[in-house]
Amino acid sequence: MPQLELLLPAIVFVPFGAAALALWIGRLAGQRTGILMVLAAAGSFVGCLQLATAGGAVVFVREWIPGLKVALSFQGDPFGLCFALLISGIGALVGIYSLSYIPALAPARVGRYYAALLAFMGAMLGVALADDLILLFIFWEVTSLTSFLLIGFWYEQEKARKGALTALLVTALGGLTMMIGFLIVGMTTESFSLRALTEQAALRDRLAGSPLFLAALLLVLVGAMTKSAQWPFHFWLPGAMVAPTPVSTYLHAATMVWAGVFLLGRFLPIFGASPVWAGVLVPIGLVTFLLGGVQAFLDTDLKGILAKTTVATLGMVTMLYGLGAAGQDALQMFSHAMYKGALFLVVGIVEHATHTRDIRELGGLRRTMPLTCILCAMAALSLAGVWPSFGFLAKEALYAQLLDGTPLHGWVPSWLVVTLVVLANAFLVAVACRIVFGVFFGSPTTAARHAHEAGPGLWLSPAILAGLAVGLGLFAPVTGELVSHFSSAPRTELHLSLALTYLGPILLSIVSLSLGIGIYVGRAALDRLHEVSRGIPTMQALWDKGLEAVTAAAVGFSVRWQSGSLRWYLAGSLVFTVGLSGLALQRAGISVLQVPISLQEMTWYGLTLCGMLGFTAVMVARSTTRVGAAIALTSNGFLTALLFVVYRSPDILLTQILIETVSTIFLLLVLYYMPIFRPEGLPPMRRFVNLAISAAVGFSMFSFVLLSTSPQFRELKNLGAEYLTRSMAQAGGANAVNVIIVDFRAIDTNGEITVLVLVGLLVYGLLRARRKAA
Amino acid sequence: MSGDPILRTVSRVAVPLTVWVSIVIFMQGHNMPGGGFVAGVMAGAAGAMYLLAFGTAKAARFRWWKVSVIGLLISVTTGTVPFLMGRPYMQHAIWHFDLPVIGLYELPTATFFDLGVYLIVLGTLMTVFVELAQEGR
Chain Z
172 MPQLELLLPA
182 IVFVPFGAAA
192 LALWIGRLAG
202 QRTGILMVLA
212 AAGSFVGCLQ
222 LATAGGAVVF
232 VREWIPGLKV
242 ALSFQGDPFG
252 LCFALLISGI
262 GALVGIYSLS
272 YIPALAPARV
282 GRYYAALLAF
292 MGAMLGVALA
302 DDLILLFIFW
312 EVTSLTSFLL
322 IGFWYEQEKA
332 RKGALTALLV
342 TALGGLTMMI
352 GFLIVGMTTE
362 SFSLRALTEQ
372 AALRDRLAGS
382 PLFLAALLLV
392 LVGAMTKSAQ
402 WPFHFWLPGA
412 MVAPTPVSTY
422 LHAATMVWAG
432 VFLLGRFLPI
442 FGASPVWAGV
452 LVPIGLVTFL
462 LGGVQAFLDT
472 DLKGILAKTT
482 VATLGMVTML
492 YGLGAAGQDA
502 LQMFSHAMYK
512 GALFLVVGIV
522 EHATHTRDIR
532 ELGGLRRTMP
542 LTCILCAMAA
552 LSLAGVWPSF
562 GFLAKEALYA
572 QLLDGTPLHG
582 WVPSWLVVTL
592 VVLANAFLVA
602 VACRIVFGVF
612 FGSPTTAARH
622 AHEAGPGLWL
632 SPAILAGLAV
642 GLGLFAPVTG
652 ELVSHFSSAP
662 RTELHLSLAL
672 TYLGPILLSI
682 VSLSLGIGIY
692 VGRAALDRLH
702 EVSRGIPTMQ
712 ALWDKGLEAV
722 TAAAVGFSVR
732 WQSGSLRWYL
742 AGSLVFTVGL
752 SGLALQRAGI
762 SVLQVPISLQ
772 EMTWYGLTLC
782 GMLGFTAVMV
792 ARSTTRVGAA
802 IALTSNGFLT
812 ALLFVVYRSP
822 DILLTQILIE
832 TVSTIFLLLV
842 LYYMPIFRPE
852 GLPPMRRFVN
862 LAISAAVGFS
872 MFSFVLLSTS
882 PQFRELKNLG
892 AEYLTRSMAQ
902 AGGANAVNVI
912 IVDFRAIDTN
922 GEITVLVLVG
932 LLVYGLLRAR
942 RKAA
Chain X
51 MSGDPILRTV
61 SRVAVPLTVW
71 VSIVIFMQGH
81 NMPGGGFVAG
91 VMAGAAGAMY
101 LLAFGTAKAA
111 RFRWWKVSVI
121 GLLISVTTGT
131 VPFLMGRPYM
141 QHAIWHFDLP
151 VIGLYELPTA
161 TFFDLGVYLI
171 VLGTLMTVFV
181 ELAQEGR
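Residue numbers (my numbering), protein chains in the order written: chain Z, 172 to 945; chain X, 51 to 187.
Just so you know, these hints were derived from the structure itself, not from any lab.
Don't take each hint at face value.
Said to hold, decoys possible - Below are the DSS-like pairs computed for lysine-lysine, each with C-alpha atoms no more than 30 Å apart in a straight line:
1. X:Lys116 x Z:Lys943
2. Z:Lys333 x Z:Lys716
3. Z:Lys716 x Z:Lys330
4. X:Lys108 x Z:Lys943
I would like the entire structure built from these sequences, with the hints used as guidance.
Structure representation (structure tokens):
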């Protein structure tokens with residue numbers, strides 16, 4: 172079915188087209204540009220649905236860079252489509268919510284917001300559906316860039332700029348390491364296609380046999396871990412909470428942070444066989460899970476709390492992938508997206524109504540905002556994993572998996588895994604209690620007293636999500652089939668049921684629930700612990716210090732290396748040139764000593780000229796005024812021209828005379844503005860170094876000229892003769908010098924004249940600007 | 051700055067003459083001493099003479115950098131045309147014309163490239179001369 176095949180690129184590229192349109196429409200339509208976002212997202216959603224119901228994975232392959240084995244290829248497998256459905260579906264809801272949430276700003280700015288959001292959606296869909304690794308990488312980096320724009324939407328605030336920059340640096344750094352991993356994979360297997368790598372065991376064997384296998388594995392893992400905010404890269408996510416709430420919902424709850432985990436799902440069949448896979452992912456996932464849970468409970472900013480629970484859930488899924496339990500990835504992804512999306516949007520409503528996100532300033536909102544309270548409670552039930560919510564099913568499936576044994580084992584013993592998972596879940600339960608009771612119950616605070624219920628534009632999207640967060644739990648068997656169809660390992664049996672028959676997981680659930688309530692009740696003691704732990708440096712602080720150190724090193728280097736002293740630059744370039752040419756001569760085994768020199772061939776006028784040349788050269792160096800030096804330099808140049816007369820080289824003679832004339836005019840024009848020339852008292856060491864450099868340059872030039880004219884050298888390699896013979900035959904010109912410039916080495920000349928034009932433009936621009944400023 | 055009368059009188063003849071010589075040098079460049087670069091420098095020198103004799107006011111009104119940009123466009127186009135025709139970038143050909151009076155005339159396409167070089171050298175030199183001379187005003 173060719174039409175279906177074309178749907179794949181359409182799903183990905185239509186949002187990009189809409190983004191370009193939004194930039195333009197935004198100026199006219201302002202806030203209503205959001206409708207475009209809703210339409211584009213809904214369109215992609217319908218396209219994904221059509222592909223999902225088509226049966227059988229649809230693929231789209233077109234040639235792109237065949238020389239590098241890179242193709243423009245997409246695949247519509249269930250796992251990718253499930254992610255794409257989530258991206259486009261939540262995208263539509265976020266679009267609806269944004270229509271009411273984004274305040275009346277300058278229309279162009281609103282247009283830019285939707286353009287970035289749409290481009291982000293397109294890139295995310297690209298990540299979900301790309302089959303080619305290079306294509307995947309490109310979309311991956313586009314999500315980093317667009318998320319930078321979105322996080323920094325309130326760019327007037329310094330915090331927003333900093334958060335956006337940190338997020339960009341961390342995720343882009345991870346993306347680049349990931350690219351190196353992809354390149355290793357592609358170069359050892361000669362295939363960049365995920366489908367081929369997953370399906371063909373021969374390719375995987377070749378990869379596993381490569382000495383770079385471990386490097387590729389670790390590099391790809393770094394990419395996934397930075398994007399999914401795994402410890403120790405978790406810190407950028409709470410910092411990114413400065414973004415507008417719809418953006419946080421979309422990027423940092425439902426889609427972008429899942430890209431890393433999604434990548435793990437894609438790579439589990441490729442890398443999973445290595446013990447390093449489980450050995451790295453299980454502990455990292457566990458640490459992230461527990462740390463996220465604890466930090467979420469201790470935070471006071473509502474969005475920060477939610478961000479940290481997201482970090483925790485991502486850690487849990489990372490751990491599951493580490494254990495090879497891919498059968499429930501779609502279940503966890505869906506259940507998290509529903510309740511976390513709803514919670515983020517609810518927080519947005521609360522902030523809209525009370526102008527604060529600090530949980531300490533909130534309370535008793537259930538009277539003024541009853542509907543929001545119910546939505547929040549529904550989502551929180553799912554977060555805590557209370558029967559009969561969707562979250563309950565997810566948590567049961569997780570416990571059942573851990574109790575029944577997993578396909579892979581890291582070096583972490585399974586009893587420890589179970590204990591830590593129960594503990595981390597207990598913290599999530601405590602967080603759920605804290606959000607609901609802290610914000611909506613208790614006596615109303617000053618901030619809460621003036622609150623008002625939100626309009627339908629704001630509560631519609633969270634209502635849909637919260638409804639799904641509970642409702643999908645009620646229809647457990649249907650949900651179960653759906654999520655196992657969409658998982659990256661669809662053949663795994665998932666028994667999701669609300670019937671309390673499988674005792675082990677239920678017991679663990681009860682333990683984590685009661686432990687969580689216990690933590691919530693005894694939170695005063697934890698607060699004291701929090702006070703104690705303040706002294707420990709956070710990853711954010713370490714990262715900031717690292718950045719400072721890098722900047723300081725760069726500044727230190729630039730100040731020393733780019734000192735602004737022309738003499739230093741000149742010395743550097745000259746030493747490099749002399750070193751390079753000396754090395755070339757030494758490599759070729761050519762020495763000046765082999766060249767026989769006889770002064771008799773030089774006539775008396777030749778010798779006289781050389782003597783005068785030497786004299787003027789010394790005068791240039793010894794002159795105590797600039798004009799004196801300029802005159803000596805000019806005389807030196809014209810004497811050199813005379814030398815060309817003596818040795819009958821009219822072409823170079825012409826050039827030399829003209830160049831001398833023009834540079835003399837330049838010198839005279841410039842000299843007027845130069846500071847007064849003072850003989851400096853250089854320390855003897857510096858004088859010696861300068862002398863050594865000058866002598867080396869002189870000697871090197873001398874030997875090159877001597878060598879190029881010596882008979883032996885001409886026998887060895889006679890470029891001149893070759894050019895002369897080819898000049899007429901191939902280029903139709905007798906003047907070999909000019910033919911070399913315009914024909915044989917035309918590309919070199921092309922570069923040189925471009926530089927010349929740029930120099931002219933720069934002189935024009937700089938001098939004009941300075942005169943204007945004066 | 052208006053130079054002395056002698057310089058001005060000489061310049062009236064010398065400047066056009068130099069420009070003429072520079073064009074000759076440019077045209078013969080493919081077979082005899084000369085070429086776009088040298089001819090460009092010579093035209094630049096003529097320009098400098100003009101500036102010294104008659105001052106910069108008139109010359110400064112002209113945007114000399116445009117000359118160099120046009121030159122770059124000509125050069126790059128010369129290289130791009132063969133590329134678009136499926137040959138290597140900057141591959142030159144030789145055109146033969148059978149002209150009524152002159153007879154058979156050979157024109158290598160490299161000449162167009164060289165014309166670009168000529169204009170660039172002239173344009174850049176004049177830009178720098180004029181801008182530096184303007185500094186004192």
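Unsatisfied constraints (hint numbers, rising): none
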